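Undergrad: Listed here are the chains, written in short residue letters.
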Amino acid sequence: MKTWTSLKEDQPVVMKMIERMIKDDRMAHAYLLHGDPGTGKQAIALHLAMRIFCKSPHGAEPCKTCTDCRRVESGNHPDLHWLKPEGASIKKEQIQDLQREFTYQGLESNKKVYVIENSDKMTTNAANRLLKFLEEPSRETTAILLTDNQYRLLDTIRSRCQLLALRPLSPKALEAALINEGISPHNARLFQAIAPQLEQAKALDQDTWFADARKLMVQLVSMLHSRSNESLFFVEKQWMEHFKDREQLKIGLNLLLHWFKDLIYIQIEDNASLVMLDYKEQLEQQAFRYTKQQLTTILETITHAVRKLDQNVHPTLVMEQLTLQMQR
Amino acid sequence: MKFTIQRDQLIDSLQHVMKAISPRVAIPILTGIKIEATKEGIKLTGSDSDISIESFIPVEEDGLVYVENIEPGAIVVQAKYFPDIIRKLPLKTIEIQTDDNYQMTILSGGSEFHLNGQDAEEYPHLPVLHTDNSFEIKHDLLKEMIKQTVFAVSTVETRPILTGVNMKVIDGKLNFVATDSHRLASRVLPLSEEQKHVNFESIVVPGKSLAELNKIIEENDETVTMSVSDNQILFQTKNIYFLSRLLDGNYPETDRLIPDQSKTVVKTKTKALLQAIDRASLLAKENRNNVVKLETKDQHLEISSNTPEVGQVTEDVVTESTEGESLKISFSAKYMIDALRIIEEEYVSIYFTGAMRPFVIRPDQNDQILQLILPVRTY
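Chains as they are written, first to last, in the working numbering: chain A, 1 to 328; chain B, 329 to 707.
Bound-form chain A, shown alone:
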């Protein structure tokens, strides 16, 4: 669990704004926290909610010891409503339930807070419902929307929130933190690229699934050249077996993305930026089979594939198409 002080170190600008607002008692009715994954959106939302409910705050900080703070943390505070996507999206019914809840007065206090995680995942219907709700806030209601990409939200929603932009974590700092945690320098470089969060990276380090995933990825890219007619078969038999769900497949695609990025780095002789340090030899062998033009096209197709996964395209089809495109 992060502390207010550590949040201030990670996000000095936003935290300063929040402290200011609390001190001047000028809380907005809706905030939109946006920033890359791992920048601490949830943690900030949680602390903000705590501060709103806390009975004995220290200045701008919540005490974190009173029952209100503890219940916010454990998810049991009756006047805090925390929405997450159910499945792939936030559905109309979820917003409807939230609205229904807000026709009632608070259970304990008259303050109410709702947090919507991944708010860009709202369906159009849900977003439009929320819009009406955001427009006419009842008294002492605070909305906190979280998103990785603010531009995927409706303009009309964005314009009704106070935007708080979280600054991306500096990769160097994360890498150093990972090495501090006892992760080997080569792995630390990879993890900071794949999992921009300390906890997540540490979990990956322990995970044999991830080690296998990396091996499979290297097998696939080398197969694209040596035995290209078998690659589809490989995707079907082994790749999809390993990357079972969408989230896993996204990690796989992320690995591929970094592989091809590295190829570009080798071509432009920027060895310091390489991520897959363990496979430098293979990278160097492969780098000159592609033109720069080809590599950028491949990078584009991979990002396309990630987007398709988000749009609910069948994972196997996405992967097969991608393999064919990469072979070309």
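Just so you know, the hints here were simulated from the structure itself, not pulled from any lab data.
Wrong hints could be hidden among the right ones.
[Claimed, not checked] The calculated lysine to any residue pairs, modelled on SDA-like cross-linking and capped at a C-alpha distance of 25 Å, are: (1) B:Lys536 with A:Lys55; (2) B:Lys371 with B:Asp340; (3) A:Lys64 with B:Pro452; (4) A:Lys111 with B:Gln406; (5) B:Lys471 with B:Arg352; (6) A:Lys55 with B:Pro455; (7) B:Lys475 with A:Thr103; (8) A:Lys111 with B:Arg352; (9) A:Lys55 with B:Asp576.
Model, not experiment: these values are computed from the prediction.
With chain A fixed as given, assemble chain B onto it according to the hints.
TA: Frame of chain A, contents of chain B only:
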């Protein structure tokens, strides 16, 4: 926490609080039952955040000892398992204790259960309501007032405030009003001298909560204490506390809707009118709001309904008196039936102010009940 309790009493109490617990809750702790032991007795709490029910088991009652060996404390246990365990225990007495790790041990005869619990501090803190703004009301009177209004609340959530019953005290009278914007039901209760001090502003209690409360209050001569706080209302019977959250928002001004003069007044037998409308509605199409027509004719009322594909019906009702202009009006049979059903008096008067204006139904010799229905425009 530690205590020894009579099984039957515990089962009884559990049944009450289980009514408030719903399987779909917003916060995980509400899937549990809170059990609190004090020197006075054991208190159980269940809640789905909209309504909360507390049930109290006193240490002794009428010389019978229910709870013994109490060591005060509190815990929250899973509502899915606890009641079933208690129900199936072999002996009449049950020993319950908890440890510092929120583990509950249930002992009875040869059986020993260990249940994982949660910290009672995590449970929503229900407001402690003060008695200075409360008053007592008889069980059957409260049930009657609920019955006479709650049917008229709105069931659609487009205007959430209308899904509740508006309660307020004005001029020493307790007022219940419910409307779904097509019809309105109101009941007034004059407060006695010692209740006159009560003063609460207009509050709106969810219709669902009142319907639930109606089920819980037993039909007898005892009294319920009603108290209102900022965001909750409490109904307190001897050992059960029923709390409901209030709806947020301003209730529309309903007094102005009620016409103060009328052009046509009809007085008739309640039952006869109810039955005639009920029969006429048989041929009134449901998808057209069960519309029936009413026409005043000298000492008669003619009620008719016509659905070309099905057939038509004419009902004739004799009135006690018909005064004022003659009139033709159409309205929803369902609303009319709802309104007449709650009237127990033999005679009822209907005050019309024209075919396009709302009309008022009042039982004869009783100005505490008022029903208002909007007519339907037919071409």
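Undergrad: Sort out which numbered hints this structure fails and list those numbers smallest first.
TA: 1, 4, 5
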